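Given chain A, work out where chains H, C, W, E, G, R, U, F and Z should sit, using these hints.
What follows is the residue order along each chain.
Number of protein chains: 10
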Amino acid sequence: MSRRDAAALVRTARVRQGLTWAAIAQALDAPLVRTTAALLGQHPMSAEQAETACALLGLEDAVAEALQQQPARSIDPELLQDPTIYRFSEALAVYGPALKELIHEEFGDGIMSAINFKVDIARRAHPDGDRVVVTFDGKFLDYRW
Amino acid sequence: MSRRDAAALVRTARVRQGLTWAAIAQALDAPLVRTTAALLGQHPMSAEQAETACALLGLEDAVAEALQQQPARSIDPELLQDPTIYRFSEALAVYGPALKELIHEEFGDGIMSAINFKVDIARRAHPDGDRVVVTFDGKFLDYRW
Amino acid sequence: MSRRDAAALVRTARVRQGLTWAAIAQALDAPLVRTTAALLGQHPMSAEQAETACALLGLEDAVAEALQQQPARSIDPELLQDPTIYRFSEALAVYGPALKELIHEEFGDGIMSAINFKVDIARRAHPDGDRVVVTFDGKFLDYRW
Amino acid sequence: MSRRDAAALVRTARVRQGLTWAAIAQALDAPLVRTTAALLGQHPMSAEQAETACALLGLEDAVAEALQQQPARSIDPELLQDPTIYRFSEALAVYGPALKELIHEEFGDGIMSAINFKVDIARRAHPDGDRVVVTFDGKFLDYRW
Amino acid sequence: MSRRDAAALVRTARVRQGLTWAAIAQALDAPLVRTTAALLGQHPMSAEQAETACALLGLEDAVAEALQQQPARSIDPELLQDPTIYRFSEALAVYGPALKELIHEEFGDGIMSAINFKVDIARRAHPDGDRVVVTFDGKFLDYRW
Amino acid sequence: MSRRDAAALVRTARVRQGLTWAAIAQALDAPLVRTTAALLGQHPMSAEQAETACALLGLEDAVAEALQQQPARSIDPELLQDPTIYRFSEALAVYGPALKELIHEEFGDGIMSAINFKVDIARRAHPDGDRVVVTFDGKFLDYRW
Amino acid sequence: MSRRDAAALVRTARVRQGLTWAAIAQALDAPLVRTTAALLGQHPMSAEQAETACALLGLEDAVAEALQQQPARSIDPELLQDPTIYRFSEALAVYGPALKELIHEEFGDGIMSAINFKVDIARRAHPDGDRVVVTFDGKFLDYRW
Amino acid sequence: MSRRDAAALVRTARVRQGLTWAAIAQALDAPLVRTTAALLGQHPMSAEQAETACALLGLEDAVAEALQQQPARSIDPELLQDPTIYRFSEALAVYGPALKELIHEEFGDGIMSAINFKVDIARRAHPDGDRVVVTFDGKFLDYRW
Amino acid sequence: MSRRDAAALVRTARVRQGLTWAAIAQALDAPLVRTTAALLGQHPMSAEQAETACALLGLEDAVAEALQQQPARSIDPELLQDPTIYRFSEALAVYGPALKELIHEEFGDGIMSAINFKVDIARRAHPDGDRVVVTFDGKFLDYRW
Amino acid sequence: MSRRDAAALVRTARVRQGLTWAAIAQALDAPLVRTTAALLGQHPMSAEQAETACALLGLEDAVAEALQQQPARSIDPELLQDPTIYRFSEALAVYGPALKELIHEEFGDGIMSAINFKVDIARRAHPDGDRVVVTFDGKFLDYRW
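Protein chains in written order, with this note's numbering: chain A, 1 to 145; chain H, 1 to 145; chain C, 1 to 145; chain W, 1 to 145; chain E, 1 to 145; chain G, 1 to 145; chain R, 1 to 145; chain U, 1 to 145; chain F, 1 to 145; chain Z, 1 to 145.
Isolated chain A, as found in the complex (with noise of 0.2 Å):
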């Protein structure tokens, strides 16, 4: 089984046993943001969170051993389209060459690792409506020869 099928199988169960993402985290005492992208198949999960997730959703072990494997990471150009990921491609587009500018400005010529790196969300209350709280969390790496 593909992680890509196993991914698909994890997303009907979830909604089948009326499971939030943020319970099975917690089932897994792990961070929220990294375990719905693993159970997405973007990380490689232990073989006991693969068990104990597969155990929530009621999914056999071919799953488990599916959500093992070491993935190839990529997201189907044709997600991008959707409106709700598109925004944060927009978002880059208007702001990316002042993130740029502002990081070289800080810390130097460098990037914001991507692999030593944490994303979390957040919901901030807010008169006029509530707001999303996105935070990409980095280690800063320097051009180092």
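It is worth saying that the hints were derived from the structure and are not from the lab. Among the hints, a few may not be true.
Here are a few chain H residues that face chain Z, going by a calculated C-beta distance under 8 Å [to be verified]:
id	residue
1	E48
2	L79
3	Q81
4	D82
5	P83
Simulated pairs of lysine-lysine, DSS-like, Cα-Cα distance not exceeding 30 Å [stated by the list, open to error]:
id	chain 1	residue 1	chain 2	residue 2
6	H	K118	C	K118
7	G	K118	R	K118
8	C	K118	W	K118
Far from chain Z, some chain R residues (derived; all Cβ distances over 12 Å) [unchecked claim]:
id	residue
9	E65
10	A91
11	H104
12	D130
None of the values given here were measured: they were computed from a predicted structure. Ideal placement from N, C-alpha and C gives every residue a C-beta, glycine not left out.
Using the frame of chain A, we list chains H, C, W, E, G, R, U, F and Z on its own:
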């Protein structure tokens, strides 16, 4: 003068004057990322802001005029190859589908606005090497007919 | 069952049952374009709506379940070649820059929301041949930090 | 002088003269969206219209001459990234297949003409924030051998 | 059954039955190119035509049903590489701009309709080798607001 | 001077001189579509033709020289978006596969040459609106080893 | 059975039977490259050739039937990445413009036909390592109206 | 001066001087296709060759200097549309997979080098019309670890 | 069985058997990177190697047969997005032009062969974190006519 | 002056001065590949290095200033067609998936950094022809939340 030409003049003048983006933003009493993005051509500036910025940077009136124009916002595809900017695209490819799931779980069917939206960047000290922390903060908009 | 598969079953069943989209929308007491888009896989339906629609169309429960899933919204690039859909792209190529100028003139720097948004379609009688009238109606969102 | 160069001069001159597109359209006694599109290079103008417009805008005869040329109509792909224009593409991706179904249901096999066609834009007041209302109005053309 | 699957069955059945496209068109008393295009999935057929064609070709009812569906019209990009089809694209690349000039010169600003349109193909004997003669015949549509 | 620059000068000069393409073709005693294509840079002209054309159009010797160069034939992809040219591409997408079938049925395995080839355009009066009639006439070439 | 499926069966059967392409071509008394291309799906075969080939390869009638179909000729873009095929594309990129100049110098304005055309491949012994010699031999076609 | 600019000057000068590529190659005592490719910017020339060629063509020293630079080899994608060049791409699409099979059959797993490589072009008289004969001759390189 | 299907079976079997790629390469007495690439479908294996590998992996004869086929070499574009692979593309974008300059400086006009070529990977201990060391080692081939 | 313009001046000056890249790197006491890449615009130089390099090359201060700017790193897609650079892409297509497997086997889930990274190039004598040896040496970064 096009906004792109104005942005090129701003970048060169900033280095020549030995000014930081932070110092310019402070002089304009405006948010750091937004000001940087505006000076790079992604937001129109008020006449007052544009003139103050050009005075600081030693740039002529034509630049101030260009900075007030309504921009067409886009990113040069070649810039998306730059490693400092690319890491954000990569993070979006890896975590975008998870963020979509979690936005829907927490808020329902909808998006994080990229218009009623702000970005911030900070340095977080860490014993293993300091970290770049970028926060995207946008109003949740639900699909509403 | 994926939403795309569900949509294919809906399309075939609709023709077999001799139902119009308008009749289905009326039965659901829901807007015409939104209901059609939802049945084609672009919006999640409530359990009640999905079950009513499937009862009308003589479709099984798995379809109703699929219609309630959160979709990833996108369009197959091949469909953009279809002449009936292409004419909208062409109109956007010809008039999009003008609409951008006029939105900025009337409302300031911002966009017409595609989320807080509705579309309507009507027939307008005309001596030279009846006309298709499509109305896009979205909340103005100003760039607001 | 190419039509694209003429359009750039028109845009700059309009801001410098403090004229709205609406005022120019009114002076030409011509529809608002069509006039704006023509001045941006998408429709040929009559000699009289071109000269009136150039007189208002303080532009030389070469611009008026260019505005009368038969254009090749297209849109710069980078402009399709601009959020104000992109939202129309997104709405078309989400609702295009539904509009196609409904055009066929109401009119039969055919298209909404993009040539015998007009567009209008209006502001609709709304307590939750005013709305942009764009109307596409094209003659139905049935596939006819 | 999709129209594409129906078209594949039609192609195979036609060869097996030893029928020409011309014979099928004659049996349906319908234009040759239009009938061929319809059987290849590009136009909906009437119930009567679809049933007559399927009777001739020895195909089941499901094919006749599929042939009556409203198609989404497009061409597989790989087919555009086929030399017999490619030569038309090449001719359009070489002569398209000239045809545009001459349509505008003769008719004014507008297009040849591809909807109110017919195509014919004929063989013209010639001492140096017979010639393929393809005629595109579409109603002129002027840009009319 | 490149052929593309020469073509731009020809287009402007033709309008300024108030000449039709038909008049130029007649003065050169050459076919209308071929002459127009040649002046737009798609065929080399003989020295005599180039000089006659430049004399008519009031253009300098360098243009006549450029018109005699061997061209590299291609079309700017942006021009393929122009509605007047696009309709030909659309007709090819809809009818190309049918034309391929019918060429093979009538002539065998081969192509319509785009080199031993001519195009003509005519106006056909019609009570519902006059029609553009474009004829592609190319020698059949069979695959011959 | 599609021609592509037939080609896959041919490739496997050829290896299993321990036959060379040369042996098959010889058995059919047909040119080597043409026969190989036909069996890979790029040329229709006569009934006799198809049956002889299938008898040799131990393949069923359905394959012989498929080999007689009129193909749509194209190449899978992924195959163009294969180094053995890519080197031809690279040689064309480096020498194509020179070949164009020299064809025009020797023959005038026109092309080497790819239809009235044959290809041959040979091994040429050489002390530094044997060489692959591929000959393209096509009729010159001049642009002729 | 870039090699591309030098190539444009060479092309114009060659026509003005009434020289053939063959005459230039003969004067340099160098192979025809290689010399033409070098003058079009695809191979560096020796100082002696570059100076001789520029003397023949009446071009200044800066051109001779440019012709000696190490080039980056590539082809402008628009040139690949030119029919004279396109026919080679088409032949490669039709016969490339067969050539790959036959290279492997005759030589084993490997490629025809495009570096240790030469191309020749010749005219072959034929009663049905003369033929263009292009020979690709490259050293076989086997995959060798 | 295609080579791609064989590769998928190899990957799964390797994990199930708890074998490392290094252990398989050692058992075959063959270079590590080459063996891994071959098992992933990029090089044909000898019958003996294929059978040994399948015996180790517990795979059926059909896999061994597939591993001996001549492959068409290419990479799935989605894999190029995978961060572990992408970093090599990024390094090539940053350092490729420099490597080209230095190859020409040291060896003259030519290339590093990718056919007479080997790759090695090693771990290099380092106090700041161990390093991946990848060595590309290819025969220099000079452009030789 | 942009970095790209500075790079062009560096390339020309280096040839005119008869300097090797190695000599420049030695004069700057800096690594060879890194120095070459920096002078081609891919890394910022220190003021001292930039000035030393410009003095050697006989270039003006504006170039030295440009060489100190923070670059946006990318590669012109046309350069990726150059055979000397393309061979690296080809090797990555053939061996990239194997390198990914082996990095994961040896180091776990993660990447070879392209930032904390160095490249070296060397000539290795070999009786069959000397070899280009390129070493990529990057710190392993494990996916770490």
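Inset, instruction - Quick one: which hint numbers does this structure break? Sort them smallest to largest. - result: Hints 1, 10 contradicted; others consistent.
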